[in-house]
Amino acid sequence: MNALETIGLEKRFGGIVPTNDVNLKVREGARHALIGPNGAGKTTLINLLTGVLKPSKGRVKLGGTDITNLKPHQRVARGISRTFQINQLFGELSPLEAIALVIGEREKLGTRFWRAFGSDEKIVGEAIALAKQFGLADVLGERTSSLPYGKQRQLEIALAIAGKPRLLLLDEPAAGVPEAERHEILETVAALPKDVTVLLIEHDMDIVFGFADRISVLVDGKLFVEGEPKEIENDPRVRAVYLGERTDD
Amino acid sequence: MLTILFDGIAYGMLLFVIACGLAVTLGLMNFVNLAHGAFAMLGGYCAYVLVNVYGVPFFASLPVAFMFAAMIGLLAERTLYVHFYNRSHLEQVLFTIGLVFMTSAVVDYFLGSQQRFINLPAYLQGRFDFFGVGIGKYRLLIILVCALILIVLQLILGYTRFGSRLRAAVDDQRIARGLGINVNWVFALTFAVGCGLAGLGGALGAEILSLEPHFPLKFMIYFLIVVSVGGTSSITGPFLASILLGIGDVAGKYYAPRYGGFVIYTIMIVVLVLRPQGLFARGTSK
Amino acid sequence: MIPASARFTWASAPMTEILRIENLRAGYGEAVVLPGLSLALERGQSLALLGRNGMGKTTLVNSIVGVTRRFGGKIVLDGKDITALRPDQRALAGIGWVPQERNIFKSLTVTENLSAVALPGNWNVERVFEMFPRLKERRYNLGNQLSGGEQQMLAVGRSLVLNPKLLLLDEPLEGLAPIIVDELLAALRRIIAEEKLSAILVEQNAQKILGVTDRAAILERGAVVHEAASADLRKQPQILESYLGVGKAKRA
Amino acid sequence: MNTGNTVQDSVTALKKKRAWHWLEYVFWLAAAASVFLLPSQHALLTQIAIWSLFALSLDLLLGYAGIVSLGHAAYFGFGAYVAALFAINFTGEPITGLIVAGIAAGLLGLATSLLVLRGTDLTRLMVTLGIALVMYEIANQMSWLTGGADGLTGMPVNPVLGIFPIYFRPANSYAYVLIVCFVLFFVAKRIVHSPFGYSLRAIKGNPLRASSIGIPNNLRLIAVYTIAASYAGIAGALLAQTTPVVSLTYIDFQRSADVLLMLIIGGTGYLYGGVVGSALFLVAQKFIGNITPQYWEFWIGFALVVIALFARDRGVFSIFERILGALRNDKAKP
Amino acid sequence: MLRRSFLAALAATALAAGSVPAAAQETVKIGLIIPLTGPFTTTGKQLEAAARLYMQQNGTTVAGKKIELIVRDDAGRAENTARIAGELIQNDKVSFLAGFGLTPLAMATAPIATNSKIPMVVMMAGTSIITERSPYIVRTSFTLGQSAVIIADWAAQNKIKKVVTLVTDYAPGHDAEKSFVDQFKSKGGETVESLRVPIQNPDFAPFLQRVLDAKPDALYVFTPSGVGAILMKQFVERGLDKSGIRLIGPGDITDDDVLPGFGDAAIGVVTAHNYSTDHPSAKNKEYVAAFKKANPGMRPNFASVGGYDGIHLIYEALKKTGGKTDGDALLTAMKGHKWESPRGPISIDPETRDIVQTIYIRRVEKKNGELYNVEFASFPDVKDPVKAQKK
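Protein chains in written order, with the working numbering: chain W, 268 to 516; chain G, 16 to 301; chain D, 554 to 805; chain L, 48 to 381; chain S, 410 to 800.
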């Protein structure tokens, strides 16, 4: 069973085709990495998956259901969560508030306007548990904007997980994290719940090969190669893409 | 019919000369300068004082009005506006409305709250017949002066190094800075010229729009409409919008006087709702 | 290629540093991409900056230009501390920049793109046209009417008319057709190897530029992890493979 | 590290946010006391209360949902006209009038919200401005109904709920306005501290993230725009009930601008900004106005420039904070 | 935060309380509520200047009482006018309310006057109905109908058959249009077209073009004071004067205060109004001279005489009541009062409490290099025609 499947996905901006006939299959429970050089079209692909962009052609299926025409928040309700390459957090809220907010929205309680926020013990309890799991227990009540970058990065992932996604899109989770805080992020990523399917976009090969059980290489908007990490590592075509042809002059 | 067209063009040209500076501030610097009309008013009053009090010839007062408004603009930009470039639009709105209040009160204090008109030389008054089309002399002058300004602006923008540096800065500020263009200075100078043009427009327009201390608030909406409908990425956009607004307003009132009051606002809302991004392509929210 | 020692005698003046970066901490917003980078470059030398995506190459270049957020450290150009200068002042001080996305000014013609930023010196618009005759043919076209290769030539030309002391080229070969790559490479070779303009070249694709530059540095997570003469590095594919290739790190 | 405690602390802190601060009790008690203690200022206090409510409605938009409006008087004026016409044609009972005005203004808000939500701040400024200008023209042109520039008079104001007379009883009418304000403040406070209120803050803080955790941004914004319009309508209705004439100035640009200025002076995003701002604004207008009636605008303008230069979200208080901050600058910056 | 507003409010009471008692028995206070900020500032300034001038000329002691003028700005907002009126009555214990630059401002205060039985002297606002809103209202300005009807009469008598009307699209404009059109029709004239101009209208060109196309004998115009100048200039610029169309209207359009700035365009415009700076009486010459001396750069206009005569009426009423400030007694004293104003003989209609005055037909001419409304015909003892019709 595929958690995610794209069928002939294509996006055009004028003459540019950043996503070109992409047929991507991500197995249920997979740890799937998406790599590729600069400008390969990874960002556009993510935007197509989350519904920020509408495809010019092709379909997106989540767990077998066609979600091509759903709006971003409707896709979230169907189980797609994502993190961003550049943190997208609520600077004014505390981690506790932010996580509780996500849980509340997940439980469809976001339109309650009379009940006090945070009065639902179940939600707060779950939020605290999650925060502990992501190493945020000691900064629960602080303003997010005042947290160190590494903690913000943790929160970025925690927010995505709080939505209990079936499919999690991780966009360069370790980008910009100082070396000292890096291992925490890696541990977090490694410890993600097993029932969540993960699609990882990453340049850092340590992370990719330490984490992924399957790798797709995207080049010029097309799926170039796909396979087990070992296959990819030894694929001469991939090597050519990354190292360049030797121009024996 | 042709007279209506002529009147509309004159009116639109006037709006353009005053508002094009606003397009520059909004488009280039992403700055909501509601005080733009204040510079027009200052230019207008400057010309008024020169002509009516000191007896300076009308034509000589125009360049002075330009310089006066430009200098004040430059001063304000360097001392006050510069602190607001990275602030939210809301703070810019507040700040510039505050400026409007202050200028209005100051003008009222020194020059009184009556309407003022600049004494025009006799040869600019009245109108003549041109193959059956009535042409107002003063309106013709407005069209000529504004057309001249438009041409000069286009020449400066298109054929001088300053012009290309300015366009480069508008295209991509970050890269322009990295390639040695002092964007701050380019903008300051442009801001000053924009204010100067507003001042010149204020002096030219005093006859038609009339000068009074509430001028900036009264016409703010019109300037904003010109800019929002025309967009801010070039001067042709606001120019076309001004002419369109001028002709549309004049013609709308001529043919359907009852609804004259609604037309402009409704057009503005419709345009903005249909093409909000297109019109403010550079003015993304902060 | 001329060995470094040979050049030393060829250049009668003693070699001096054109660029020195000390413990540079920089990034965007809150994120620190370069946690403390140091680097030096001799006058007349060229450096290839290698590394995978997202390792800080572009951030380093942008930090030299001055368009990133600096948290600490120092940048010295030709003996002059430029750390506190604005980007436009740095350009006047002698930094020439070919940005990653090329960023041709789209509403300027080819000639204007050059003349708008030109500073007095060896390089002028005419010389750029000599070097890239294609640009001369298209001199009245607007920036957004050029092909990718032409844009790249223009970006290079634009940085040259600044008459810089140090040229920074950020992925100049990215996304170009092979024939254009060759043409550009030839031009770069002329500028760097023959005219001895100090330069830093960023490239993902190591093989293409190691033949052009004197030295090479490999960046990983914002730090220089390997530095060597380009010629030496070319002969050590296993090093390139481990830092730049696809696969798990093979170092301890 | 004593994690257990910090967790407990932050949960307590979360609960504390929605609890009433002692200053709030003091404020409302003082407001209640002023009914008895300040008879000479009831008229001014009534105006302050109404402006506060109007500013509160804008705060819901701006301070909590991040929607800028330069045309909020459209709903204020609409509410006022609806209340007046309803009183003239059906019943002069004030509470009924408020409810009708609130619903009508809310519906207008709902209808226009679709126009407002598109685009950037600047587009919103212009569109809201345009809506208010069109409303103004409509009120002016329909002078057979609204009285146009001469104003709409002859609106009956019966005793509230048939028992509490407010017509020409400044103390009673102030008490009435105050009670309405209190109830609406209470409701607003519940709203902003509810999950719905937090989702608004999330949208304001980061719309991209908000939609990617499943918040339907537009629906929520439409909801709050409707609520805010309804609040503004009620404020307008209150003014109509306490002033003998409803005129075009209820709806004019000046009013939209003033309410924005008041809110900003007082500070956004903590509900009481409007109170502080309108009190400062009106008291200044009154007392500076008594000294220099013609030029008080200059000083208001000056104050705005200063506030814009130095203040942020918290309006005048940011300036105090800055001064305090400068005074104890020996502490290291965070 | 509360503390601030609370303290401010406290301070306010203290101020108010402190200033009242000392001289309460000896002082009669007049509350003058006028727009001094916002778009109607000019009107407010004229009213204030004239009121102060009258007090300066006639002393501040009447019937043994000291007269004090309290000036307040309502910024042209009705809710402010009503609030200030209430405060003046309650806190400052004024005996008269005066001023009222615009109709809604007067309407908003009317019930307060009724309720507190305090005379309310309307010095500017001109809609007919105002005086009917409270038995305590008297008016010393004019009603719109007075000028509109008289100019219609004059037009009909002077070979004007076809007229286009052009008024600003707001309630007073509608009144001015109706009064004129009805009267003109009853005298046998024909109104070929009635145009209404939006309030926010910077350019009259399209409307004037329509007028030109309609080729009437005269164009009848009413706009708020201040807008007239632009219209006039465009009228001439468009050559309407040369095509034989006469410009007529109520005197608002050739406001004496603004007229000097009109330029020669205005010469020849015929209007009907209650006052001209040029009114050739000794009383007026003295008035104008004193006004100009006290307010350099300003020329007294019709608003000013409203203020001047309003204070006069208050003084005279106090004299008649012997300084008693009982509202009903003061009203009785005011009703039917007749006196010589700078504008000529005027009186207060005892039935309607509205003003009865001479309406002059004037033509704009240049005298000593300055523009004036020169009177050349007069219609004495004109009452408000709207009320007359209702009877």
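One or more of the hints may lead you astray.
One side of the interface only, derived from the structure: several residues of chain G facing chain L at Cβ under 7 angstroms [to be verified]: (1) Ala75; (2) Leu77; (3) Tyr100; (4) His104; (5) Leu105; (6) Phe116; (7) Met117; (8) Asn134; (9) Asp186; (10) Gly252; (11) Phe277; (12) Tyr280; (13) Ile282; (14) Leu287.
Just so you know, these hints were derived from the structure itself, not from any lab.
Glycine is no exception: its CB is placed at the ideal position from the N, C-alpha and C atoms.
Status of the hints after comparison with the structure:
Look at Ala75/G: its Cβ only gets to about 31 angstroms from chain L, farther than 7 angstroms, so that hint breaks. A least Cβ separation of about 28 angstroms between Leu77/G and chain L goes past the 7 angstroms threshold, and the interface hint is therefore violated. Using the Cβ-Cβ criterion of 7 angstroms, the hint placing Tyr100/G at the interface with chain L is not satisfied: the shortest such distance is roughly 13 angstroms. Because the smallest distance between the Cβ of His104/G and any Cβ of chain L comes to about 4 angstroms, under 7 angstroms, the interface hint for this residue holds.
With a least beta-carbon distance of about 6 angstroms to chain L, the hint placing Leu105/G at the interface is held under the 7 angstroms criterion. Interface restraint check: Phe116/G against chain L, minimum CB-CB distance 3 angstroms, threshold 7 angstroms, status holds. Taking 7 angstroms as the C-beta contact cut-off toward chain L, the hint placing Met117/G at the interface holds, the least distance being around 4 angstroms. Nearest Cβ of chain L to the Cβ of Asn134/G: about 27 angstroms, over the 7 angstroms cut. The hint is violated.
Annotation: interface hint on Asp186/G violated; nearest CB of chain L at approximately 20 angstroms, more than 7 angstroms. Annotation: interface hint on Gly252/G violated; nearest CB of chain L at approximately 15 angstroms, more than 7 angstroms. The interface hint given for Phe277/G holds, since its Cβ lies 6 angstroms from the closest Cβ of chain L, which is under the 7 angstroms cut-off. Interface hint at Tyr280/G: satisfied, since its Cβ lies 5 angstroms from the closest Cβ of chain L, which is below the 7 angstroms cut-off.
Look at Ile282/G: its Cβ only gets to about 9 angstroms from chain L, farther than 7 angstroms, so that hint breaks. Because the closest C-beta pair between Leu287/G and chain L is about 5 angstroms apart, less than 7 angstroms, the hint holds.
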